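Enquirer: So you can see what is in the structure, the chains are spelled out below.
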Amino acid sequence: MNKVDNEPSRSKWIEWFNPQGRNLEGITFSLNRITGLGLTLYLFLHLIVLGTLARGANAYDNFIKLVHNPFFIFGEFLVVAAGLIHGFNGIRIVITSLGIGVPTEKRLLVVLMAIALIGTLIFAVRMFTA
Amino acid sequence: MSNIRWKVTFQIYRAKGDGPVHFDTFFLDVDPDEYVLDGVERLWAFHDRSLCYRHACHHSTCGACGMRVNGVEKLTCITPIREVTTDGGTLRIEPLRNFPVVSDLAVDMGSLYLRMDQVHAKSVLPVTEAEIEKSPRDWSAEDQQYIRLSDCIECGLCISACPISATDADYLGPAVLAGAQQTGLSKDPALVEIVDSEDGVWRCHSAYECTAVCPSFVDPARRIMNLRRQVLGQRWQGLFNRKGAQNLAVEEVTR
Chain E
1 MNKVDNEPSR SKWIEWFNPQ GRNLEGITFS LNRITGLGLT LYLFLHLIVL
51 GTLARGANAY DNFIKLVHNP FFIFGEFLVV AAGLIHGFNG IRIVITSLGI
101 GVPTEKRLLV VLMAIALIGT LIFAVRMFTA
Chain L
1 MSNIRWKVTF QIYRAKGDGP VHFDTFFLDV DPDEYVLDGV ERLWAFHDRS
51 LCYRHACHHS TCGACGMRVN GVEKLTCITP IREVTTDGGT LRIEPLRNFP
101 VVSDLAVDMG SLYLRMDQVH AKSVLPVTEA EIEKSPRDWS AEDQQYIRLS
151 DCIECGLCIS ACPISATDAD YLGPAVLAGA QQTGLSKDPA LVEIVDSEDG
201 VWRCHSAYEC TAVCPSFVDP ARRIMNLRRQ VLGQRWQGLF NRKGAQNLAV
251 EEVTR
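Sequence order for the protein chains is E and L. Residue numbering for the first sequence follows my numbering, beginning at 1 and increasing consecutively. Residue numbering for the second sequence follows my numbering, beginning at 1 and increasing consecutively.
No lab work stands behind these hints: they were computed from the structure. Everything numeric in this text was worked out from a predicted model, so none of it was measured. Careful, some of the hints might be misleading.
The calculated lysine to aspartate or glutamate pairs, modelled on EDC-like cross-linking and capped at a C-alpha distance of 20 angstroms, are [as the list claims (entries may be wrong)]:
| id | chain 1 | residue 1 | chain 2 | residue 2 |
| --- | --- | --- | --- | --- |
| 1 | E | K65 | E | E76 |
| 2 | L | K16 | L | D138 |
| 3 | L | K122 | L | E193 |
| 4 | E | K12 | L | D170 |
| 5 | E | K12 | L | D168 |
| 6 | E | K106 | L | D219 |
The following residues of chain L were derived to be distant from chain E, with all beta-carbon distances above 10 angstroms [what the hints assert, rightly or not]:
| id | residue |
| --- | --- |
| 7 | D31 |
| 8 | F46 |
| 9 | T167 |
So the derived label-pair ranges between C-beta atoms look like this [what the hints assert, rightly or not]:
| id | chain 1 | residue 1 | chain 2 | residue 2 | range |
| --- | --- | --- | --- | --- | --- |
| 10 | L | I4 | E | P19 | 24 to 34 angstroms |
| 11 | L | D170 | E | L117 | 30 to 40 angstroms |
| 12 | L | I4 | E | I73 | 40 to 50 angstroms |
| 13 | E | P19 | L | G88 | 19 to 29 angstroms |
| 14 | E | S9 | L | R5 | 37 to 47 angstroms |
Built from N, CA and C at the ideal position, the CB exists for glycine as well.
Chain L on its own, in the form it takes in the complex (with noise of 0.2 angstroms):
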């Protein structure tokens, strides 16, 4: 934190109920250390108890406080403000496209959460399976027993970003493709029969808007290539060997 003071015009959108959209405008004096979400309390603390918007955690674990910060998806909680406007500027902020509002800031982000349950993604995970710098493979026994956080903190702010999310409600959408990357086609082919799909993985367009916003390394855009990679190895291992044709059984039997 520093003594220096921004002036800095926040222009919120507000939608209740049946109500008309509209943005509502305030002035705040920030120090442009603060975080956006930082911001966003103070007005809902000082100006208007009716703002409504999520929030949990403070430091990126929870993925609630996601909103779109002059155009762009941010995790509000880790966005300084001195990055996304200058002395005098304004600061737009609006909730996640591609999610019902329930009211301002605040989405439904329902939908994400039953998708990835369906491809089983995983909240935690051993280390030996994480994709973190130094290769677990290389710890002590004992150090390979532990597990972690998975990266993705389901913001669903790459579900926002993706041009292909904003037209088609049934397209399963980044983090739910990272998910299911991440559990694996060979570990669960089941899986097969959800991604490869008209829905699933052949329906990004390659846009990497889902890479470009992850707040959190998943790197969405890379996991849908390499799961299309994954399924293309399961359709040729289905053409020319035995494995193959079982992972087709499996998918036939689940079908």
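Looking at chain E on its own, in the form it has when it is part of the complex (with noise of 0.2 angstroms):
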């Protein structure tokens, strides 16, 4: 067994994941970490992409026709999911930070994530169905 690890710690990130007896707001803490990582990995790959460009025209297209499979729309679709989810749920912090809805944050929270729900059905509809 272990010895005696109580303390913070940064090695502890893990932590910000385990779902063990976290409520709505400490559950959807942890989804925007993970989404927060996952667009930001995006980013980096957008712009990779974005960067054969600079190979030419055709250079771009090729690259479209590759990525054109159910794979690659299933993680296009987990960005717009990831976007939404960060967004909304960013905008419920904002407000809360300026000290404003703060009694009735968790009903501000269950909207604003509905609101993200229906615009990811919205776009799953939109992506799979093109």
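Could you use the hints to bring the two separately framed chains together as a complex?
Expert: Below, the structure written as structure tokens:
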């Protein structure tokens, strides 16, 4: 068994994603971290993709043909979902950080996440049926 | 209390000195309306006198008996067993997170107490400053002279539940920021320097776990958000009027 390790440490970042005992806002905190990391990764991939333009129109068109398959479309869907969840949760954090709507923040969270979910479903229908 | 008896398995976190961490298992017959602390005390009294844990008042005033029960922070003296397990179920009892373990379930909460002092958190306050149902301002002049204990019992449950406190030892933490909010930046402008900092009010990431586990209706998350509003108000005043500039001057002097 391990020795006692009960003090704060940056190496415990994995705890951010531990859902045990978390309330709704705590789970949203984890989601915000996951989506934030995902969107940051996507930003770099996006810049790499845009970099193909420097090699000419044909290179870009060929790359677009390459990624036009269900695997990459699902990846794009995840980016949209992450953007909506992160964005709408961010709205809640900004509003409450100004001291506005704090007593009703749980309802605000549910409404904003419902909007994010509906938006995600609309995008899913459009992306997978196009 | 009732005549109903439940068989409950207690899994107790054990750690002594540099020895290995492990869980000891005990089986107890309990009344489901007993509190978790009652069970722990019986384990100590009749099963293992080397078990170390903190407790004092048994009525949620001292804040000493905070522990993690099945992964959730609880003040064990007011947590009925039926609320956290079932007949034949298990209670996994662990110390609070984010504090050094002294022994078994007892943690060293010195860092919390020092920080509460740092922000001049009040342990008693005039009733006129209390957030209670009936506004004390409606009371007679005589009644308004009373003082009352602060809501925060410094139990540390919020620090244990906070995901940011788990990774940032310098973060002031929910209880401390709530204490600063209660004091108020307008009454104690020197607090601005402490709370408007990297490890202060802006480190909170709105997980609201502190409010979820607080046994004393302090609602630290709401207080942190209010403190942010106060900080922003001070900055705004600093930009546009003399009073704010004076506050900033005080801030400079205290640096």
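Enquirer: So which of the earlier hints does this model not fit?
Expert: 2, 9 and 12
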